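S.K.: The listed protein sequences correspond, in order, to chains A and B. For the first sequence, counting from 1, position 230 maps to 230 in this note's numbering; every step adds exactly one. For the second sequence, counting from 1, position 103 maps to 103 in this note's numbering; every step adds exactly one.
Because the hints were derived from the structure by calculation, they are not lab data. These figures come from a predicted structure and were not determined experimentally. Don't take every hint at face value.
[Stated by the list, open to error] Lysine to aspartate or glutamate pairs mimicking DMTMM-like chemistry, simulated, CA-CA at most 25 Å apart:
#1 A/268 to A/134
#2 A/184 to B/107
#3 A/268 to A/154
#4 A/268 to B/107
[Stated by the list, open to error] Negatives, chain A to chain B, calculated, CB over 12 Å:
#5 6
#6 22
#7 107
By construction, the Cβ of each residue, glycine as well, lies at the ideal position given by its N, Cα and C atoms.
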Amino acid sequence: MSGKRVALALALLALLTAPFWVGGVYYVNIVSQILIYAVFAMGVNILLGYAGLVSLGHAGLFGIAAYATAIALSAGLPHSAAILVALIATVAGTAVFAVLALRATGIGFIMITLALGQIIWGLAYRWISLTRGDNGVNVVARPEILGLSLASAEAFYYATLAVFLLAVAVCAIFVASPFGASLKGVRDQPRRMNALGYHVWGIRFCACLFSGLLTGIAGILFVYYTQFISPQSLSLTSSAEVVLMVISGGSGTLLGPLAGAALVVVIKNVASAYIERWNMLLGAIFVAIVIFMPEGLVPGTTRLVRRLFKGRAARAAEDARP
Amino acid sequence: MSLWLLLAVNSVTLGGLLFLLSAGFSLIFGLMRIPNLTHGSLFMLGAYFGASFVIRYHLPFWLAAILAGLLVAAFGGLIERFLLRRLAGSEQAQVLVTLGISFMVADFCLMVWTGDPISVATPPGLVGAAHIGALIFPIYRLAIIAIAVVIAAALWLLLDRTRLGAMIRAGVDDPQMARVVGIRVSRLFTIVFCLGAGLAGFAGMMGAPILSVYPGLDADMLPLALVVVILGGAGSLPGSLVGSFIIGFLYNFGQALLPELAYFVLFLPMVLVLVLRPQGLFGRPVT
Numbered sequence: 001m002s003g004k005r006v007a008l009a010l011a012l013l014a015l016l017t018a019p020f021w022v023g024g025v026y027y028v029n030i031v032s033q034i035l036i037y038a039v040f041a042m043g044v045n046i047l048l049g050y051a052g053l054v055s056l057g058h059a060g061l062f063g064i065a066a067y068a069t070a071i072a073l074s075a076g077l078p079h080s081a082a083i084l085v086a087l088i089a090t091v092a093g094t095a096v097f098a099v100l101a102l103r104a105t106g107i108g109f110i111m112i113t114l115a116l117g118q119i120i121w122g123l124a125y126r127w128i129s130l131t132r133g134d135n136g137v138n139v140v141a142r143p144e145i146l147g148l149s150l151a152s153a154e155a156f157y158y159a160t161l162a163v164f165l166l167a168v169a170v171c172a173i174f175v176a177s178p179f180g181a182s183l184k185g186v187r188d189q190p191r192r193m194n195a196l197g198y199h200v201w202g203i204r205f206c207a208c209l210f211s212g213l214l215t216g217i218a219g220i221l222f223v224y225y226t227q228f229i230s231p232q233s234l235s236l237t238s239s240a241e242v243v244l245m246v247i248s249g250g251s252g253t254l255l256g257p258l259a260g261a262a263l264v265v266v267i268k269n270v271a272s273a274y275i276e277r278w279n280m281l282l283g284a285i286f287v288a289i290v291i292f293m294p295e296g297l298v299p300g301t302t303r304l305v306r307r308l309f310k311g312r313a314a315r316a317a318e319d320a321r322p
Numbered sequence: 001m002s003l004w005l006l007l008a009v010n011s012v013t014l015g016g017l018l019f020l021l022s023a024g025f026s027l028i029f030g031l032m033r034i035p036n037l038t039h040g041s042l043f044m045l046g047a048y049f050g051a052s053f054v055i056r057y058h059l060p061f062w063l064a065a066i067l068a069g070l071l072v073a074a075f076g077g078l079i080e081r082f083l084l085r086r087l088a089g090s091e092q093a094q095v096l097v098t099l100g101i102s103f104m105v106a107d108f109c110l111m112v113w114t115g116d117p118i119s120v121a122t123p124p125g126l127v128g129a130a131h132i133g134a135l136i137f138p139i140y141r142l143a144i145i146a147i148a149v150v151i152a153a154a155l156w157l158l159l160d161r162t163r164l165g166a167m168i169r170a171g172v173d174d175p176q177m178a179r180v181v182g183i184r185v186s187r188l189f190t191i192v193f194c195l196g197a198g199l200a201g202f203a204g205m206m207g208a209p210i211l212s213v214y215p216g217l218d219a220d221m222l223p224l225a226l227v228v229v230i231l232g233g234a235g236s237l238p239g240s241l242v243g244s245f246i247i248g249f250l251y252n253f254g255q256a257l258l259p260e261l262a263y264f265v266l267f268l269p270m271v272l273v274l275v276l277r278p279q280g281l282f283g284r285p286v287t
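One chain only, chain B, in its complex shape:
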């Protein structure tokens, strides 16, 4: 019984991390039609930056996570401004350039932080387990869930209740018309790209105490983000949320019950969605 519960808690935790990762991916894809294959690398870069801040400079965990997020956001902004901007509309070139950057980032990380996995200590104060009735929960995992919920709510407020959000939604729906009514879509692109990159970097550091930081983390996370977005529908925040939790559950239960076929189980819902509802659960049909 407690095994199942633990698996469920782990699933929700992974779902929360995946949401932070895929929300940005989904927004970038929905708004800019850019399949940002660097997203896994941004996650890994955030984790490495954060780990360095904590281990080498003895910064507090959360400050390190936020700084890592900001640094990765700045890096994302540079990629968008200087490379992707020149390739607007040419999907093939965007895919190749983002893939090329992800190779360079992976090699850069290998060069700077070597191939040994780095483990990051759970932030003090969140170590140990909480007893709720007869049940025991690891506190740090509960904290991740809470943070993911808060960020999901903040993103929803941003997109649904603010002027910036309205502009982003207009840009997703109809970029040409948005330009016509005077929205500077190109500036939105940079903002959204930085936001998505920053969330990915922050998520990387938040996941570090659980997943640890190692070369190949990028290639582990990118397919998960892709599947979440295919499942939930590109450009849809609720889609990312639901997709993340579905994948979080499938990943953990698949690993526990069918370890050899875990990857297969993971991609099964994607296949079903593609066959039955190609635009994703919450997506709108693409013309």
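Next comes chain A alone, as it looks inside the complex:
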């Protein structure tokens, strides 16, 4: 346990000092991007990891938040009001999403969220008078917090880090709470939970709302980070990318999304410098992970390392365990 604490403290220290050792504005921005996607992936992880519901429409919710912020700002609202409007719009959108998608679970849920995500993409793409279509919407300036401008990469990084740490803390509390326990119960044994008197649908609905809130926060951070939003960010590829982050990092773990986001963002930025075929690589990683390491990279690697260090007898014991 203490080893884990030391590791966490070191990770926190590394994140806090990141702008000083990553070497350059470009890399600070990459780390900011990792943190933004980590918050997004945490939102998806609430459903995927703790509720057992795979959503392929979350980029739509992410897009609602980003577009709402950008459109509210260009309508002349101050930053605080725009952020509030965006959060309300995202949670309201998530509620509609959830009411429709929770008519089903399993494959049905996946297909309905995929279709809903595509609707929002279609609206962003076609509703030109509101979203300006393919041209996207610009955000002129980043906000100031307590008089400090977030215009520089470092300042924005620390603001993102603060939001990220807050989100991790809230997720940790959420997962450890009685509600988190009942959510895991609903994931594993919906019928039994129903028989015990839990409102299965209501629990799933609340999890959706929480997931949507985190996704919305990520969307707002993203639109301030790039200062631009276009339908591209709402595509099915984006939804799939974030699901890949969660699964590759390890779904149902608190820090898996961070690992997954780091993996995907780094590969994407590094690989795209050398090869053009990023989507091919993404698809291949998807297929390989599902087939060879279905539990995710972090738990999968831990298991492999453990097996490597244990003797043969211990390995046999591990195999015998169900």
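On the provided structure of chain A, position chain B as indicated by the hints.
M.R.: Same frame as chain A, but now just chain B:
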């Protein structure tokens, strides 16, 4: 008046294409419980293959369409045999693998055929318009409708009148019981997957003169197939047929009348069906 009629003809044409696409999707989903998210990619792959056959090798259009269908069917068979077979029963993994393959196919097409849209000429003999009374119809669109009707009838005969069809229906209804009475359900899976993939590939080439072939065709078609299947009910042939025509009409009329909200109009019936009849218009309740 003629605008409305033209829209109606276009709607029925799109409905026919969607039927070819979604019938396979629906059968695969109904029989194997696999949400085959590569289906849009198979459509696009068929269109690219067919276009290459016609443009580079100067094959006749219909031969190219059939060859494209066969190639895509073989590709589908490989996916089923070597990847999906290993993931039986694990829906989440199937979704991710089919999605991963669809990304790879999309990138492969971009690499081979570049990002420029390819237009395919309407097959000679079907160019121009037919005059029926005072009305004018584009012949190629009428031909697509006719082919869709013929294939719908053939599929119905296959499923309803042959031994293979009876086995497939048994597999859809109760795979375990079908196995018990000696039906090799795993071989049915491969057959149905190849059939569905082949129909999608063939439809891709048939749609090419109208839709043209471009990157992103897969992502345009997949949601339409999904909506058709949610609307009609998974595993139901009449469901796919009715769903396809509803979507065909909504898509064309939505585009013409409410261009900005066309996508929204398209998904409205899906929402209504989900709320009022979650198993789809022709589907049976899923236990």
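S.K.: Going back to the hint list, which numbers does this structure go against?
M.R.: Numbers 2 and 7 - these are the hints that the structure violates, sorted from lowest upward.
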